[in-house]
Amino acid sequence: MRLNPLTLRKLKRFREIRRGYFSFLILIGLLGLSAVSELIINDRALAVRYQGEWSFPTYGPVELGSVYGLEGTDGRRPVDYRRLKEHFDAAGAGDRVIMPLIPWGPYYNDAVGGILRAEAPNFERGHYLGTDTTGRDILARLVYGFRTAMLFALAFTALTYLIGVAIGCAMGYFGGLFDLLFQRVIEIWSNVPFLYMVIIIFSVIPATFSVGARIGILLAIMVLFSWTGLTYYMRTATYKEKSRDYAAAAQVLGAGTSRIIFRHILPNTVATMVTFVPFTVVGAITAITALDFLGFGLPPPTPSIGEMLKQGTANLTTAPWIVSSAFAALVVILLLVTFIGEAVREAFDPRQFTLYK
Amino acid sequence: MSKLSRAAFLLPFMALLLVGCGSGDRDALDSAALEERRAKAIAAMERHYATQPSLPPDLREAFERGEVTEDEIDAMAAAGELEPFFVFATPDDLPDDLVWEDGSDLPEFASPDAKKGGTWYTAVQDYPRTLRRVGPDANSSFRPFILDTVVMGFGQRHPEDISIVDGNFRYFPGIAEAWSEDKETRTVYVRINPAARWSDGQRITADDLMFMFYFYQSEWISAPWSNNFYSRNYVRAVRYDDLTFSVTLPEAKPDMLGRVLNLEPLPAHFFDEFGPDFVDRYQWRFVPTSGAYVVRDEDVRRGRSIALTRNPDWWAKDLPFWRYRFNYDRVHFSVIRDTAKHFESFRAGEVDGFGLNLPDYYYDRLPDDDDLVARGLIAKYTFYNERPRPTFGFWMNSSRPLLDNRDIRKGIHYASNWERVLREYFRGDYTRMRTTSDGYGEFTHPEIRARDFDVDKALEAFARAGFTERDSEGVLVNDRGQRLAFTLTTGYENLQDILTIMQREALQAGLLFRVEVLDGTAAWKKVQEKQHDIQFVAFNVGPEMYPRFWETYHSVNAYDRAFLADGSPNPDRRPKAQTNNLQLIANRELDALIERYRASESAEEMRALAFEMEEILYEDASFVPGFVMPFYRTAAWRWARWPEHFDVRISGNPLEYWLGWIEPGMREQVLAARRSGERFEPIIEVHDRYRPE
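In order, the protein sequences belong to chains A and B. Residue numbers for the first sequence follow this note's numbering, so the first one is 1 and each next one is one higher. Residue numbers for the second sequence follow this note's numbering, so the first one is 1001 and each next one is one higher.
Treat the hints with care, as some may be off.
[Said to hold, decoys possible] Simulated crosslink set (DSS-like; lysine-lysine; CA at most 27 Å straight-line):
1. B:K1525 / A:K310
2. B:K1115 / B:K1317
3. B:K1341 / A:K310
4. B:K1380 / B:K1341
5. A:K310 / B:K1526
6. B:K1115 / B:K1380
7. B:K1576 / B:K1525
8. B:K1317 / B:K1116
In case anyone wonders, no lab produced these hints; they're calculated from the structure.
Taking the hints into account, I'd like the entire structure generated from these sequences.
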């Protein structure tokens, strides 16, 4: 792919803004890691050697104990790989279980000392950030919660941009009655209180929907009420570009509407729009965290940062590690995204220097 | 039944208002208007006394089923076919052979060491929205303090001696001086203590009892539950003289005495402006009480605080069973909405006591080695009590697909790991609920035990229902591809951890609970509309002698027309909303037992029936009994004192029987000690006289 020299220059400038660039690399790294978090933080084994055969249960279906020769009740219920490891080690028959680096899943209730409660960070047992009030590993829940939040935020950003840019651009380009009507529609639509709508709609979704479907619905609702903000910028940008000479020239040369929009106007508005991307991502992360915090987000026990913040504030004095982990994680993510955002804005700003008069 | 009379009352009243607006001399007219209003109120009351019929139970049930109309009943009443509800008789009409009792052989339960004085500081979550005791918004968390725990009934159930004598609990006298029960005529005769006074100094008389029935039967109070309760559970009230009356019940159920002695008369003179605008007119008027505490106007600081003040001239202050109680001079309530904040206020010494029922408060937030506890400044108490238990458990909707299969319901029983929750989450403090009605003494089935968690038995039960294979997530599926997955709903946000633990455990047996946490109102609405699969909820139950079965298990509360005429299930039946039959149980055999139980007048027979029904319910397996909290726990600052035995057997919290007091001068001493670092002997007490073995 050959990039426009202007774009290349912008990318170069982005790389030169070191804070933003490194934030970008770190965030990509984290995303990459979280994509394979099942291999790093999980209560399912990476590999099991049983009777000389290796198997890799991480991404496979749930296995019952009988697969590994467990008998009685243990043979009929899903394998607890940590106990299987103890069992194999004790039997000493050469069978092995290799657990991930951090052998805790986001749902596993670990009763340290026979009691389910918030435990402080415990390196020996592998709870590096401690556990929450029902003995679940905080690091595991943070990682899986982070992944959901990031995927959600990226999907949200892509969809709002798709709708916002399309409608904004159409309003700016066609103008006239279309513009007038849509402006009124948007004014009304954007006055619907978004959070209440999410709460109301989400409260009537039947619980029979799977977690994935619920996330999808939440995404759809949020996108539905969030695209309006972008149209204002897009509309103005399009108006501006449309009245430029090059657009008129293209028209005179006989270019069709779609060609003008996609080849001429859109590429020239990218600079404006791209600077908003990181802030949209931040907004989406904050929104889903807030919803979970209020109890209107993902159904329990899905791991999420908002749910953890809520638990943390309720146990502020007795289990400060919950709220501090969640808070630190949230701050780091938001900071990274904001740094990237600043760098992008600066890199895409056509003026190197700005003079305020 | 009195639509016409109400309209007749309203018209002149509205005319009066119009006249009042144009008046120059307001005061004179206002007082004239008030006089007229009072006259109207009395006229309405007298009309009610004269016309209110007493409906026999079968007629009332026919009316509820819609087989008899209101007009027909009015016609019957006009024709004199119905007995009157209110009867004004003379002392000569009293039967001669009455045997008067007064419970004076019972032991007192308060401590003579108690000292009067001081202020007890506490908090409520919501500011009371009214001082009325009935009608909209009256059922608030503040109501116990102006009604349930403070007001005197005619008699009160003895809270220590829970024996049943002659089919009744033991009662000690309150407003009544003595009573007499006639099982033949289902009537209880009561003699009021001549010394009894309202807090405004007026005498308490039999007229107040008559007025009470009128008041609660009136539609002006906007309280349908009371309307129903006071006209269905009583059939006659007779006034013999100022201090003697009798009340007749529709059936002579066990604890018939309690149904009359627990009544609380109302001060008729105070409600002299009683009318259609009662709800607004009496919104912030404190009702003169027979009890020890009054609310003074100047203590009502709306939205911020409210206080009870001890009436120094309380007529019963030296009365046996009532003396040495209600010791605090004032009880001050501030509004603290958040539990965590409430706890911090308690630690700061702004609030005197704090409930520690939840294990994390008892063990982690206020552990025994906490500085304030170890230095003896804050005391921790555990009190084992004995009373009917709230029914925490899983209520399955047996009208739902799959849940209509008994094997699946049994499997869910075996797949619910309450043991782990009790052991590891509640830390062994709570116990497993056994039946659908625990804590009713000899009315609770002695042998039934809830099914224990057992993966093998669960798998067997699910296999019988055709669920043998597991899908990739480990959830059982049948050969039609249905997954063994149910929505588990709750409105108890603070107990949702229990459900997430149970969810993981149930997966071992291939059962998937989809946990749904709603806010309290939404969850209740869902279960009332019978839209739930499985609901984690509890009914709170009062200290009654025997459990109720009709509300929760009779088929009329499950479906509209549950059965066809030939006794087979009606194929078109629809779940009935707004009833307490959450399991949608419709079982002819059970219905018959419930009807016998309802009609039975023998404690012995009712007990046998209760056991039989309990066994049927166990087999039906649509309720997974959850947990029972066999105690209450509380913490209090050191200046708070209680009797040696701490509290009484059936008490649910320290302010229910008001046995505590404040040691004079101690508050200053303890607060000074907190600053100076002085130590006291720590107080961590467990009172386990009534601990179940």
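Status of the hints after comparison with the structure:
no.	hint	verdict
1	B:K1525 / A:K310	25 Å, holds
2	B:K1115 / B:K1317	13 Å, holds
3	B:K1341 / A:K310	15 Å, holds
4	B:K1380 / B:K1341	19 Å, holds
5	A:K310 / B:K1526	25 Å, holds
6	B:K1115 / B:K1380	21 Å, holds
7	B:K1576 / B:K1525	13 Å, holds
8	B:K1317 / B:K1116	11 Å, holds
Going down the numbered hints, you'll see the structure goes against none, and every one checks out.
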